[in-house]
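*Asks:* One-letter residues, chain by chain:
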Amino acid sequence: MTFRTTLAGASLGLLAALPGAAQQSENAVRFAYGQTLESPDPYFTTLRLGVILGRNVWDTLVVRNLESGEFEPLLATEWEWVDDTTLDLTLREGVTFHDGSTFEADDVVYTLSYAADPENRIVSQQVANWIESVEKTGDYSVRITTTGPTPSALEFVSSQLAIMPSDHYTGPGGTTDADLPIGTGPFRYAEYSAGGEIVLERFEDYTATDAKSAASLDRVSIRTIPDQQTQIAELLSGGLDLTMGLPKDQADQLAQMPGVEVQSGETMRIVFLQINTSEDTPNPALQDVRVRRALNHAIDRDAISENLVGEGSNTIDTVCFIDQFGCTDEGATSYAFDPDKARALLEEAGYGDGLTVELYAYRERHISEAVINYLSDVGVSVELNFMQPAAMRDAMRAREVELAQNAWGSYSIYDLSASTPVYFGGQPDDNALDPELIETLKDAGETMDTEERKSLYQQALKRIADEALAVPMFTLPVYYAGAEGLSFDTYPDEILRFWEFSWSE
Amino acid sequence: MPIYLAKRFGLAVLVAFCVSILAFALLRLQGNAAGALAGEGASAEDLAIIVETYGLDRPLIVQYASWLGDVLRGDFGTSYFFKSPVSDLIFDKIGNTVILAIMSLTIALAISIPLGVLAAVFSGSWIDRLCSLVSLLGQALPSFFLALCLVMLFAIKWRMLPASGADSWRHFILPAATLGYYITPPFMRLVRAGMIDALSNDYVRTARAKGLPAHRVILKHALRNALVPVVGLVTVQLGLLIGGSVVIESIFALDGLGYLAYQAIGYRDFPVLQAVVLLLSVVYVVLTLLSDIVNAWLDPRLRVS
Amino acid sequence: MADLSNSADPTATAELAETPPGRMSWSRLSEHPSLLIGGGIVILMILIAIFAPLLAPHDPYAQDITNRAVPPVWFEAGSWEHVLGTDQLGRDYLSRLIYGARVSLLIGFAAVSIASVIGTTLGLLGGYFGGRVDMVVTFLTTIRLSLPIILVALAVVAVFGGSITIVVVVLGLLKWDRFAVVVRATSSQVSRMEYVQSAKAAGASNFYILTREVLPNLTPQLIVIATIEIASAILMEAALSFLGLGVQPPTPSWGLMISEAKSYMFFSFWLISIPGIALATLVFAINLAGDGLRDLVSPDGRG
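Protein chains in written order, with my numbering: chain A, 1 to 505; chain B, 1001 to 1305; chain C, 2001 to 2303.
One should not assume that every hint holds.
Stated by the list, open to error - Cβ-Cβ distance ranges computed for the label pairs, FRET-style:
(1) C:2031 <-> B:1201: 27 to 35 Å
(2) B:1095 <-> A:83: 55 to 63 Å
(3) C:2076 <-> B:1083: 52 to 60 Å
(4) B:1133 <-> C:2074: 25 to 33 Å
(5) C:2193 <-> B:1021: 33 to 41 Å
(6) A:354 <-> C:2130: 50 to 58 Å
(7) B:1083 <-> A:167: 14 to 22 Å
(8) C:2163 <-> A:204: 52 to 60 Å
(9) C:2043 <-> A:354: 33 to 41 Å
(10) B:1013 <-> C:2051: 50 to 58 Å
(11) A:354 <-> B:1095: 46 to 54 Å
(12) B:1219 <-> C:2076: 28 to 36 Å
Stated by the list, open to error - To list a few chain B residues with every Cβ distance to chain C over 10 Å, as calculated:
(13) 1066
(14) 1090
(15) 1224
(16) 1240
What the hints assert, rightly or not - On the chain A side, residues computed to face chain B include the following (Cβ under 7 Å):
(17) 233
(18) 236
(19) 239
Calculated directly from the structure, the hints in this document are not laboratory data.
Keep in mind that this is a model prediction, so the values were computed, not measured.
Backbone N, C-alpha and C define an ideal beta-carbon position, used for all residues, glycine too.
Build out the structure end to end from the sequences listed, making use of the hints.
*Replies:* And the structure:
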């Protein structure tokens, strides 16, 4: 037993408490999320909650079936690569937006063109910057021309490219006159207030398909509750039906409570320390490969993974999720936990008397603390800078961060182009800016031949590991704690499909 | 009296002005305003446009003057994080904070006036000692710790009250009780001291000598006088409550100004933070001004001076 | 200009010492049990803080993540190896608690030292010189009082990053108001007294009078305010750390310990109650001692 639960709560009579299923009769779900959503528009947030809302309120053109791995029709019924850079799509007829207007080719052209234009500053440029142009080829058909061969194009089309009604935006940065954003998805926004409560209601006229059914719930309300203990208190007192992302310890303890059900699932989310080795790094010691290797040797990833993160967590040696196309740890250096070696390497690099680094983090604070303790054990003292994700992202993009504890979910895209290049391919979050890596990853991203593409990715991953440009740690399982009687499936992409949720009798 | 009021008002305006300079400086503390406004991935041209649009190349004093002009018109700028007008955000949240402050104050007064009177009437007895113990404990128990304990009992164990949120008046009870208990000690001390003072006064003694029942003497004569300084403390505490609810609002995820400010700190959303600091300071200044006016009106000695 | 004692916390209104300093004897001290008890606990905590390395059974930083959240010895699963158990990272809780006393006391004393220097200087100048100087001092105090202190502290810490030094400096720069208000009122009374006037007449410099004649008379009041402010500074540090913006991990601070334990509170209540009780006891003891001191300084001034 690695964690001993003393049910002091039991003596307080907590066990007698049963979360009421008051929401059952109302056919509604009350969900809480730990971080504040900056925008109701999925193009203007990187938060997982934004991705979840994106899928529930909007539809994409195609969608990936997670079981078969195949793409399936959604707003597009057929698609075809005419050549390496031309994708033709036929659109579904009879689909309506939440405001009653009809979905047609103009909406697709409008949305994709808006997202692809860097002037409009959507938060994650890589989801659309491969689009050269979009043209309407009929009322219900469009043609996408790419900037070059883009093997991962459909990955983005099927995940992040939600289709908005035409003329939704009034300018760059997501400005709009609409009170609430409008989509074609199974839920529509009923309420949104910045930093406050979000309410979704079932969209009665949703066009159900094999890939995405209509919703059974009437209503989903979403609150931001930053404190974990407040989330737990709400769950235990029946004020909440579902939370996600509680740490292992809390999930284990909640699982023992009557009336609460805990589900855990493996995810694509990888935790790693990003090291700022760029020319502008605020800490030049990090440019020394011996220091970076020492950091890798100092942290017992297995112990953290096993004890703090729990079942469903696997250690990783490269900065990508192993099931993503192109991800492999073959040939990449793996750094075993070896504090003595770490000390020796630091000594050799001239930091035998100690070294101070600043660590930025925005979630899993308990992991940061464990990391800090491991590092201080080999003589690296760490100053922790814990902040909200958007603020950390800005600091990273300004290259002000020395070490960043990232937990990257790849937007649930099963292709390496959604992970490694974000941090090493010269994109805004890249804090290594290694020309060789940028070149290799760019080539790989434009290679249509699968074997060649794989070998280019492997080459890049090997370089990252050999040069110790990051400290890859482990994958993160996610825990869902919900009221008894709420039935839903979880998926490794961490997207809550509220349209599949229902209350059992 | 008019001269006193005019002077007092002038001082309030001057204080508010200086606070606005401090609030403006707060935004500048973080340095790269253009970068923050432009958002991530902004090009050099974007930055140049931002610098021009917002006039960031002008001398600081000119920028301050134009910012102050905007603020006086109710325009606090745009939130870095939500990209929406700060004034809209504040307008959305201020109601919850005001409700919380008033409820806390009501609770504090409901506890402190009777206890203060009791402590004074039985000055030196065990009741007095008990009251001062309660007051000392109130000051010693960290409010966030008390809040968590209340949640555990009332929300989870007995399921009487909601654990967080601001949907109904019931949601405000636990946070208001926490804050109310926390500000009870100063009120209690003040009521007690005022009562002891009043009870020793000649007119009270006269009233007693006339054979008026003790409770009428205490309630009608002594308490009324003892409560005069409490008015001043009420306004001051109201100001502090509105500013001091950051911790409690965030524990109870109560969507008010304090919670907004706490979130803004996390996102480095300086326009929001600046606006909240300025607003709370001005609220405090206005409240103390009101309290001084009320005091001047209640206290004839001040009226002539 | 308004009477500042209206705007400030009226409990701080000064009363002039009737007993000159240095004449507090043991017999008088024993008449004040609150001072004895409160002071005794505070001194004990200070000793614990000073001798932390000798008293702590383990290294407060040594984590053992295979042995986490071991309950204290009085629970069935507890052991004498870790008397107060271990925390969520397997660090010895008693050792962290002992070292945490250092952080709380250090921050309390250091911040209040800064605050008392600022507040006393301003108050002395305002009270002694009066007129324009006094107006400026009163004005500065009013501005300080109108700033929402927690929010400003949070904002500054957010900009400069959390550390013991930053927390001390921020609290020191924000908590001088009570010193200024009380010292101003008292020193203006003292400076009208005969012996000060005669010193003036004898041609003593202002500096001499302020430091030799006025200041010593204020010492009892200063000590009383300092105790109240130390208690309040300790609580504020805890609140900042609780919000994650104060002392940063892995430093053992009681506020931070409460913060780290809060998500365990419904299941392992001892994790949060141990540092919570330690914090409340320290603050209670300081306030108790402060109350006793106030009685000692001005026997009728328990207002």
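*Asks:* Are the hints correct? Go through all of them and say.
*Replies:* Hints and how they fare:
Look at residue 2031 of chain C against residue 1201 of chain B: about 28 Å separates their beta carbons, and that is inside 27 to 35 Å. The given range of 55 to 63 Å is respected by residue 1095 of chain B and residue 83 of chain A, whose C-beta atoms sit roughly 59 Å from each other. A hinted range of 52 to 60 Å holds for the C-beta pair residue 2076 of chain C and residue 1083 of chain B, which are about 55 Å apart. Look at residue 1133 of chain B against residue 2074 of chain C: about 27 Å separates their beta carbons, and that is inside 25 to 33 Å.
A hinted range of 33 to 41 Å holds for the C-beta pair residue 2193 of chain C and residue 1021 of chain B, which are about 39 Å apart. At about 54 Å, the CB distance of residue 354 of chain A to residue 2130 of chain C agrees with the hint of 50 to 58 Å. For residue 1083 of chain B and residue 167 of chain A, the Cβ-Cβ distance of about 19 Å falls inside the hinted range of 14 to 22 Å, so the restraint holds. Look at residue 2163 of chain C against residue 204 of chain A: about 55 Å separates their beta carbons, and that is inside 52 to 60 Å.
At about 35 Å, the CB distance of residue 2043 of chain C to residue 354 of chain A agrees with the hint of 33 to 41 Å. For residue 1013 of chain B and residue 2051 of chain C, the Cβ-Cβ distance of about 54 Å falls inside the hinted range of 50 to 58 Å, so the restraint holds. The hinted range of 46 to 54 Å is satisfied by residue 354 of chain A and residue 1095 of chain B, whose Cβ atoms lie roughly 52 Å apart. About 55 Å separates the C-beta atoms of residue 1219 of chain B and residue 2076 of chain C, a value inconsistent with the hinted range of 28 to 36 Å.
The claim that residue 1066 of chain B is not at the interface with chain C holds, since no C-beta of that chain comes within 10 Å of its own (minimum 23 Å). The beta carbon of residue 1090 of chain B is kept farther than 10 Å from every beta carbon of chain C, the shortest such distance being approximately 14 Å. Residue placement check: residue 1224 of chain B keeps its beta carbon more than 10 Å from all beta carbons of chain C (closest about 18 Å). Not every C-beta of chain C lies more than 10 Å from that of residue 1240 of chain B, the closest at about 8 Å, which undercuts listing it as non-interface.
Taken as an interface hint, residue 233 of chain A checks out: its beta carbon lies about 4 Å from the nearest beta carbon of chain B, inside 7 Å. Look at residue 236 of chain A: its Cβ gets to within about 5 Å of chain B, closer than 7 Å, so that hint holds up. Contact between residue 239 of chain A and chain B, as hinted, is supported at the beta carbon level, the nearest pair being about 5 Å apart and thus within 7 Å.
Consistency note: the structure conflicts with the earlier hints numbered 12 and 16.
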